[in-house]
Amino acid sequence: MRGPTQILPTDRADEMLINMGPQHPATHGVLKVVIGLEGERVTRAVPHIGFLHRNHEKIEEARTYPQIITYTDRMDYVSGLQNELPFILAVEDLLGVEVPDRAKYLRVIFFELYRLASHLVWLGTGMLDFGAITPFLYTFRDRERILEIVEKTAGARMLPNYFTFGGVRRDVHPDFFKDVADFLDFFEKRLPDYYALVLDSPVFQARAVGVGVLPKERAIARGASGPVLRASGVAYDVRKAEPYDAYPEIEFEVPVREEGDVYARFWVRFKEMEESIKIIRQAIEKTPKVGPYKGKVPARMKVKGSRYRAVEISRGHLGAHVVGDGTDRPYRIKHRSPSFANLQLIPDLLVGARFADAIAILSSLDPVFGEVDR
Amino acid sequence: MSRMPLPLDRHIKPKLVGYDPTRPRPGVERLAYTLFFGSLWALVVVAYGLVPALFRSQGWLDGALGFFFYAVIEALLAFGIAAVVALILIVVLRKYLGKVQERVGPMHYGPAGVLQTVFDALKLLGKEDFAPANVDPLIFRLAPAITFVSAFLMLVAVPVAGGWVMADLNVGLLFIVAASTLGAYGVVLGGLAQGGKWGMLGAFRAGAQLVSYEVPLALALLAVGVYSGSLRLSDIVEHQQGLWHVVPMFIPFLVYLVASIAELKSTPFDLPEAESELIGGFNTEYSGMSFAFFFLAEFVELFLLPALVVVLFFGGWHGPLFGLDPASFAAQALQSFYFLVKTAVWVWIFMWIRATLPRFRDDQLMDLAWKGLLPLALFGLILAAFLRMFVEVV
Amino acid sequence: MSLLAEVWEAVRAIGQGMAAVNRRVGESAVTEFYPYQKPEIPPVSVQFLALIQNEDGSDRCVSCLACERACPSQVITIERKRNPAGKGFVLERFDLDFVNCMHCANCVEVCPVSAIVTVGDFEHAVYDVNMLKADKAFLDEIGRRAQVWYSPKFGVEIRKPDGSIEKAPPEMQPGGLAELLAGEEGA
Ligand code: SF4
Ligand code: SF4
Chain A
133 MRGPTQILPT
143 DRADEMLINM
153 GPQHPATHGV
163 LKVVIGLEGE
173 RVTRAVPHIG
183 FLHRNHEKIE
193 EARTYPQIIT
203 YTDRMDYVSG
213 LQNELPFILA
223 VEDLLGVEVP
233 DRAKYLRVIF
243 FELYRLASHL
253 VWLGTGMLDF
263 GAITPFLYTF
273 RDRERILEIV
283 EKTAGARMLP
293 NYFTFGGVRR
303 DVHPDFFKDV
313 ADFLDFFEKR
323 LPDYYALVLD
333 SPVFQARAVG
343 VGVLPKERAI
353 ARGASGPVLR
363 ASGVAYDVRK
373 AEPYDAYPEI
383 EFEVPVREEG
393 DVYARFWVRF
403 KEMEESIKII
413 RQAIEKTPKV
423 GPYKGKVPAR
433 MKVKGSRYRA
443 VEISRGHLGA
453 HVVGDGTDRP
463 YRIKHRSPSF
473 ANLQLIPDLL
483 VGARFADAIA
493 ILSSLDPVFG
503 EVDR
Chain B
388 MSRMPLPLDR
398 HIKPKLVGYD
408 PTRPRPGVER
418 LAYTLFFGSL
428 WALVVVAYGL
438 VPALFRSQGW
448 LDGALGFFFY
458 AVIEALLAFG
468 IAAVVALILI
478 VVLRKYLGKV
488 QERVGPMHYG
498 PAGVLQTVFD
508 ALKLLGKEDF
518 APANVDPLIF
528 RLAPAITFVS
538 AFLMLVAVPV
548 AGGWVMADLN
558 VGLLFIVAAS
568 TLGAYGVVLG
578 GLAQGGKWGM
588 LGAFRAGAQL
598 VSYEVPLALA
608 LLAVGVYSGS
618 LRLSDIVEHQ
628 QGLWHVVPMF
638 IPFLVYLVAS
648 IAELKSTPFD
658 LPEAESELIG
668 GFNTEYSGMS
678 FAFFFLAEFV
688 ELFLLPALVV
698 VLFFGGWHGP
708 LFGLDPASFA
718 AQALQSFYFL
728 VKTAVWVWIF
738 MWIRATLPRF
748 RDDQLMDLAW
758 KGLLPLALFG
768 LILAAFLRMF
778 VEVV
Chain C
1279 MSLLAEVWEA
1289 VRAIGQGMAA
1299 VNRRVGESAV
1309 TEFYPYQKPE
1319 IPPVSVQFLA
1329 LIQNEDGSDR
1339 CVSCLACERA
1349 CPSQVITIER
1359 KRNPAGKGFV
1369 LERFDLDFVN
1379 CMHCANCVEV
1389 CPVSAIVTVG
1399 DFEHAVYDVN
1409 MLKADKAFLD
1419 EIGRRAQVWY
1429 SPKFGVEIRK
1439 PDGSIEKAPP
1449 EMQPGGLAEL
1459 LAGEEGA
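Residue numbers (my numbering), protein chains in the order written: chain A, 133 to 506; chain B, 388 to 781; chain C, 1279 to 1465.
Same shape as in the complex, but just chain A:
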């Protein structure tokens, strides 16, 4: 029997097999897709993953709980901080740790800042796939400002290791709230430019509308989540479905679009950026001015029981299942990562599309390989 990722060359003269990746500029990392081409039309698409596999879950099982937080960062390195949360929430639940209000709001602010940063990276590299270089440099400049704000408080930019059990590791920098508010004002002025360069651009619309349509049923069946799912008309957002931290107290909308094409996925992410701005503004207002930033955590962590918690990171539903056996190391950790599930859509979406569409569809799925391969 053939393995699931094996692909055999045919003797059909009109089909050409082409290895896209793992060093192809449009695969955003180390994805390899073996594509069968008939002229410009894709006849087969088989994704090969595992080039970045580093035994994440097994390594984590050999570490103590505080050490694991460092590793979770490394999954979706584009939105680093967000990955810490599901694991932390699960362990907090198991330990019964109370998180102070201030910490909850701070977590929300950082969480949404990273959503902005991640969507900016996606937008820039996505437009690079579409052949436009200029938005890439604009988005990375804006992202740089977010990372600078984070670095001032958390000490690192991409993988800050800032959340911890019971809250956050340290209070924020004196300028933090001012910096964030300044950035939001600045970013709101930038957004119309992005609309003009991307969503409203007729060339982009010609490339994106009606391309790579993902029907609702198929999206649900494949376990897609995040913007990919919401662009197919399912209003599922973990922030609303199982709210965590301070999200219950914050008003925001979940942008949904029915079409399920590349344009819809771009649109949903654009609207999410706007929602993030709203969320951060509210959170800044509601954060208690003084107060503890970290709850009481037992010095020796003996975790017993099993718990699954999920959060909505930039790419979708990220979950962590923690099973503790009463020692200071987990018995088992399982991460449920959104990009991995979204990547299963590749054969569905790519077959039948044109080669240039394949690139557009890949960039609209926005996979990050640290998280796919783990």
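Errors might be hidden in some of the hints.
The following label-pair restraints were derived from C-beta to C-beta distances [said to hold, decoys possible]:
| id | chain 1 | residue 1 | chain 2 | residue 2 | range |
| --- | --- | --- | --- | --- | --- |
| 1 | A | H185 | B | F506 | 39 to 47 Å |
| 2 | A | E170 | B | V778 | 31 to 39 Å |
| 3 | B | A470 | C | E1401 | 35 to 43 Å |
| 4 | A | Q155 | B | L437 | 49 to 57 Å |
Treat the hints as calculated values from the structure; they're not laboratory data.
These figures come from a predicted structure and were not determined experimentally.
Ideal Cβ placement from N, Cα and C applies to all residues, glycine included.
Fit chains B and C with the ligands to the known structure of chain A by using the hints.
Just chains B and C with the ligands now, with coordinates in the frame of chain A:
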């Protein structure tokens, strides 16, 4: 276990070479661009004005030997113009892209980076001209040359001022179409000869693109020919004495603009290259000087296609002469200045489009060309015929 | 007619995009010229690790092994011996393998005396990975030349020109907000 050596300051301190690369120098840049433009103008004046005038006044053109020398000198000068244009445009494009992208562009070679292309060219000269194992060696080497020569040929037919043209062909328009099509041959052959799949896809796309943009492009040119009653480029420019063609010939102008961007293979029509899809497409396997020739051809075209826009639709060399006799040398020099300025504006617009737009898909380009531009061009052609009739009757 | 409207709409949208691009021309560039201009790094930034010595030149480290245990990538190796004069232990060997260090600062967080700290000293790219295996002398040297460093226990500390060590004002502290506010309330 080896230890880290002390002292710690291992990193190399950068040496400054007479100027500070970190300082933006708008003054120096402006001066450099002025010098670039001036040197190009001077070269044009020498190549189109002084040398022919000298040969003619001495009567050397009558003898076969004299004519031979004339041809050789002119060819060298034309090559010089092409090289200078490419050298200038590469650094200008990079600086311009830097400006709009909130970067600084090249800054390290020459004050404010204005000598960047010189060093680029030296680097490309010094690189190994590598050919992979399964290429077709002859065609692989020939393709860049074909592309470059085609761009170079177009230069010959472009009139820069009244009476200043290297070859005043009476079928100038046809010659332009023929020469530009030749360039696409280089791209197709180069893509196919390298024996890689990306190159092959690039070649397919280049071929598909060629057949789609070339038809409306030729029809738009034809409309201009019909309206001005001549295929000779200098006649077409003369015909725009009162009114630039862009007003009566607006539809062919639009068609030509889109088609020439497609011919230039810059965004939004850079399908054969498509570095994010085909990893460079037809030039994936090229390196060293072979690659440089593709590159050079691209930038010569980036000058010539806007120049043709100017010649065909924006009055070519026409401009206020301040009472100078149009046949005098000074007036002609001034005219060539006008021509270059107009061309520079159009080069800027082409660069601007390149900086803004994402890429079309191959079938969309064909859609656009066959279903959009072709009917439009035909309509423009009919309109041109009617206008011509109207002008002749009145 | 609708076709014309569509075409006009497309041209207008392209024009908007081009205007958005052109608006950037006047704005100043954000490029930093790295080797000529050093980036400004906040004091809390985890660029490198260092061992800090007291003002009198003795080690702050009390050889408690907490950092060795906390390190997720297990790159710290400590050997200690009983202090011949007095109580406690002294370090015999403190090796830190920067090749595998993740710069997570877990070690800094657990240190009870702020002996191991994060510094903003980032120019440590080398040609040979073996050169990134640091020993105590090296970490001490980085600590000696550091002017500003951070550890969660003591916050940001600065070395004064006369060699004395002092805690930085709350404006420089990463977690200084609460402190500032508390100070305001007290005043
Ligand atoms: S920073 Fe992290 S990985 Fe590096 S030595 Fe400290 S604890 Fe270990
Ligand atoms: S935790 Fe601090 S005091 Fe303890 S061994 Fe490490 S550096 Fe020394």
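(message) Taking 39 to 47 Å as the stated bounds, is the beta-carbon spacing between H185 (chain A) and F506 (chain B) within them?
(response) holds, 42 Å
(request) Using the beta carbons of E170 (chain A) and V778 (chain B), state whether their distance is inside 31 to 39 Å or not. (result) Given range 31 to 39 Å: violated, Cβ gap about 52 Å.
(request) State, for the Cβ atoms of A470 (chain B) and E1401 (chain C), whether the hinted interval 35 to 43 Å holds or is violated. (result) holds, 41 Å
(message) Taking the Cβ atom of Q155 (chain A) and the Cβ atom of L437 (chain B), is their distance within the range 49 to 57 Å?
(response) Given a distance of about 53 Å, which is inside 49 to 57 Å, the answer is holds.
Hint compliance for this structure: hint 2 is the single one not met.
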